[in-house]
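Student: Start from chain A and add chains B, C, D, E, F and G according to the hints.
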Amino acid sequence: MSFSSQYPILLEAVPLAFAALCPIVGMWKRKLCFPFSVAGVLATNFFIFSLWGKVTSTNTVTYALGGWRPPFGIQIRIDYVGLFIASIIGAVGLLVLIYSWRYVSHELEEEKCTYYYTLYLLLFASMLGFTVTGDIFNMFVFMEIFSIASYALVGITGQRRAVRAALKYLLMGATSSIIVLLAIAFLYGTVGSLNMEDIAGRLQVGGYTSVAGVALVLFLIGFAVKAALFPVHVWLPDAHSIAPSPISAVLSALVIKMGVLGILRIFFTVYTPGFADLSGTWNALTQAVAWCAAISIVLASIMAIIQRDFKVMIAYSSIAHIGYILLGVCMLTDRGLTGGLYNILAHALGKSCFFLVAGAIIYKHGFRRITSLRGLGRSMPVTAGAFAVASLSIVGLPPSAGFIAKWYILWGCLQKHQYAFVVMVLLGSLLAAVYCFRVVYYMFFVGPYGDGIDEAPATMFVPAASLAAGTLFFGIFATLILPSLGSAARALLAG
Amino acid sequence: MSDLVSEFFLVVAAILVVNAFLCLYRGAAGPTIQDRIIGINIVNTKTMVVLLVLSTFLGEELYLDIALVYALLNFVVTITISRYIET
Amino acid sequence: MKLKAMSRTVRETIPLALFLFFLWLIFTEKTNWEHLLLGAIVAALFARISFFMVGGRLDPNLNWKVALRFFPFAALLSWEIMKASWDVLTRVFRPSLPISPRIIEFDSILDSDIAKTMLANSITLTPGTVTVEIEGKRFYVHCLAQEHESGLLEGKLERMVAWLFAEGPDDMRGLR
Amino acid sequence: MGSVAKDVLTVIFGLTGVLFFIGGTVGLLRCPDLYSRLHPATKCDTVGSCSITIALALQIGLDIALFKIMVVILLLLVTSASSGHAIGRSAFKTGVMPWHKKGVVPWPLKGEDRWTGR
Amino acid sequence: MNFNRIAHNLNYVSSVVLFLLGLYAVAVKPNLVKKIMGLNIMETSVFLFMVSIGMVGSGNAPVVTEGVKPATMVNPIPQALILTGIVVAVSTTAVALSLCIKIHEHYGTLNASEILGTGGPF
Amino acid sequence: MDWTLNLLLLMLLLATAISVIRIKDLLAAAVVFSAYSLVMAILWTQLRAPDLALTEAAVGAGVTTVLFIITIYRTVRKED
Amino acid sequence: MRKAIVVLALVGIGVMLIYAVGEMPPMGDSGNPDKVHIAPRYLEHGEEEAGASNVITAVILNYRGYDTMGEVAVIFCALCAVVAILNREKPGLSRTSMDVSGVKASVVVRTTIRFLVPVIIFFAVYIILHGESTPGGGFQGGAIIGASIILFTLAFGLPESTRKLPLRFRIPLESFAVIAFLAAGFTGIVFGVHFLTYLMPGLSEYAAETIRHIMMMVIEIGIGFAGGIIFTSIMFAMIREDQCELQPDSP
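Residue numbers (this note's numbering), protein chains in the order written: chain A, 1 to 495; chain B, 1 to 87; chain C, 1 to 176; chain D, 1 to 118; chain E, 1 to 122; chain F, 1 to 80; chain G, 1 to 251.
Since the hints were derived computationally from the structure, they do not count as laboratory data.
DSS-like mimics (lysine-lysine), calculated; alpha carbons at most 25 Å apart, straight line:
1. K112(A) - K31(A)
2. K29(E) - K3(G)
3. K364(A) - K112(A)
4. K104(G) - K137(C)
5. K31(A) - K364(A)
6. K29(E) - K24(F)
7. K24(F) - K93(D)
8. K78(F) - K93(D)
9. K90(G) - K164(G)
10. K78(F) - K3(G)
11. K30(C) - K69(E)
12. K156(C) - K83(C)
13. K112(A) - K90(G)
14. K93(D) - K104(G)
15. K31(A) - K90(G)
16. K90(G) - K104(G)
17. K24(F) - K78(F)
18. K29(E) - K78(F)
19. K164(G) - K4(C)
20. K112(A) - K164(G)
21. K29(A) - K164(G)
22. K137(C) - K93(D)
23. K65(C) - K156(C)
24. K156(C) - K137(C)
25. K90(G) - K29(A)
26. K24(F) - K3(G)
27. K164(G) - K104(G)
28. K112(A) - K29(A)
All values derive from a computational prediction rather than experimental measurement.
In isolation and in its complexed conformation, chain A is listed as follows (with noise of 0.2 Å):
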């Protein structure tokens, strides 16, 4: 076997092994813990956009761990679409590292630092490690991985709210994992298999169906819990707001993320679309979930217009952008599939950029409030253009990345004649243009300006820069994915 054709396990082991040996290195050298993670990090980017090529050619890759075979053992199965997020977390979790190092050096005690990078690197190890794997306890196994690590990550500050902010992620989050853990039971005692694939050849064959029906229903609960879907976002808004900024552009951007593909994994891999028995409640569900994201996409627009905290107001603003991902997701068409998709990269970027700017005010001033960023256009050119930028993304105005994603996901809803979505979709955005650009407005044409240029050190503003620049660049250069997306898109909807 050629070394290249193991890159689908490396791709999860390699970071594993970085966070295995990281509290060892820094009990030896604490400060060399960064330069290690950010080996680690790297690494595992190489045997990322390794695998491109190799994908785009076979469309599946396919690995058997302990070269069991598939339905005996597990397998690691990596489609486009999983290797479409894989990059993104790669690249977003590789940039928001070389963040944290001043931010983390600056906000937390030395002893705690060697354990942040610890759990940075399970958190990005686990989430590879979920997006790839074609097996669904796997799947669970993972989701708890970086579940509990985001809990801690959530609290590792140890701050009167942050404490609380995590215990109540934790509650929602670990009662998510028991119902998605109560509907693998369910479907493993009606079709015997855990392999992904093979459960979706065995519920055509058919028999007891309702059960499999209701596994999918709790399936789709525990995964809305963790994507912080409509009626259970409530610990999103405190979890994202209060946790350290550069983990909370990793929640925002990757973490519910995972909740998405989840129910993505779900809907259209395990209970495939083209599946007759059980075809009315799959319907009905999509409907429902598409009906949850488009509630929520005007209620939490209208909720971060009301804030006064600029990171609250930022984490309502991801509730919105889950709303857009699974409206998308849910439409069913390959243009609304191909905006949903498209919209995870746009948000990942534009949101993660967020955040890394409010990390960077609160590191250089302490302050989180709205209306006391005034002229800091002025003082912190390259931070405040950066958000400028990013949030054409997330307004979807041209030409950012989400201009694209909200085209698609028009266009899907238009295909479906859905005209009751595309009225929701246009007043989300409207309201998401109110929310942003009054933060553009006070950075930029509010005074008092400061005298002279107090940016923040390069480590934080390159990174938030360069996802900015992102945006900007997946919206011009939308054809460089845009195609192969819609084939997989296209590919998922056949089942």
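Tutor: Relative to chain A, chains B, C, D, E, F and G alone:
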């Protein structure tokens, strides 16, 4: 082992479980925390004996290890609680 | 000097290692040579580790004589335990519940930790008495009824334990 | 020993064990305070489990499982006595007064301060 | 509903009841430690459910010994999965309890309605 | 008979779970919770899962209960 | 009001679940879907394919070894989380309220624990080493080791325990389980087979089986000791009380 004896042991196990029920009343209702610990301690001992009986009855010696672990961990919990109460 | 200390360590570890090896034989139920070798290695290793954990020998008062004397002691003790349980059983089933508990205290002749532990455990397991506290040499015992109290103060158990560990004044030792 | 005699002995020992266990339960439920509840808890249960073990041992015969059961029972003897003591001590240290009949002095009171501990 | 079969699947039914009890504790009980206990009860109920799925009537433990045919053994897969599940449960519990300790340091109470304020679902 | 034992154990399990939820004294609830784990373990021997019984006895009755007790002693004991 | 809503939702979920349970295949039937698909192969060939007569061990170490790697990562993650939230104990400075109160454990308890701790740890090691043929395995043994160390701490105090198990000894052991798993996996990669394959190609049958046996045992030992040390560290971090920290070690 004759059928009669194995039936007998099953009856013994069932009686012990019923007994454990009654002890649980003390565990749930006992006025002081020590009362509860005593009740739960008895429940645990009974559970352990039920395990011994079951392992002999089912002819699986595997369960003896479990009984041993019970005996040890019952002790751990009791000592932990009483040690914490007395300080 | 160092060698001497080492040899002492080894000598004191051996009984524990043998005991652990015996336990290993009971646990594994297998007698092929791989398992025996594994057992020997693990027993030696863990005897050493526990030596380190408890900071020296398990107890300085333990020796082979005590181990030999333990068997008659155990036989007597189990007879006492049986009597005790029967007594408690009859009391519990009597509708009038004939108990009149009180706490008594007495000074023991025993000195070492292990002897006190043995005495306390024996008291706990025998007629209607439970040791509730030991302060130095002073024992506080909860008695269920008058008979138990006098039985305890007679000191039979104490003499048995004193005999077991060869402690206390000579005239107080002995099995009766 | 004939098989029938063995079975009869087994049943006798088993019934004794059950009797002791029931006695423990009844004692636990009937006794007035926690100190007196400790007595059935530590004694009757130990004897009951020993008795049932003998019944089991008769059925198993001389086997390695028998040794294992004996290890369990030895452990039970040691731990039940120690944990009974630990529970009693925790109550005594926190100043729980023993229940007593009228006219009986429950405790040779030496200093009042012992009872005012936490 | 298939009541006959519900009565037959007693383990399933009791695990559902336990699940609901745990969920009730998580959602309604004000004390955080109680909530975590409810979480644990929920987890064990799911474990019970899953292991019951793999049960075979009058089967044997899945350990290869002489005189036991593989056909009469119970299904080992749920047991192996639940082993992982127990580890996950105890890890979550440990993290949750350490957060509780930290919360008590800051707030001096573990009452959820005092800490989180009313209005949230938890 | 097997079925009866199973039923009894399930009832015991439910009874322990209900008392865990109902008891106001958290320390007592933790103690009863350890009994819950032990009953669960015996149920698992009934379900022919010795590995799980061992794990539940070691983890549920040992580690989890000890963690609960430590937490309760560092925080508050009475539920209010 | 809120309670009423919750109860209503619970009733809804309960009805749904009871309905699903009623539709499930009858319990204990050997013709159920889960018993005809994958399980028979594990049961029939588990011993020779995976090298463990306890089929559960075969499944968790071999067929689904990747899950177990995740499981080990979960406890490692939990340790990091607890330590990041509560901080490590400080060597020689950390105390518990028990140590400060001056109430020593009863002499009975201390002596009993002194005798029991070696036996318990030894029993745990037996459980760890015999996971292949009898119930038990790394994780269970680890939990028992953790329990025995907590007993030791209760009897002799936290300073004594942390002196016996210092941080520089515990930190490498904590990540030992993950490292052992990954090392087994990377050995496979070096030999050019899939990750977590235990049978190496190009060796004689006896050598390959011996190597497999050794690798599985190393993993079990790794999980066991790392698990025990992880539980110990979690408990130390939770027991330690900050207000007692400033009192120096007694000489």
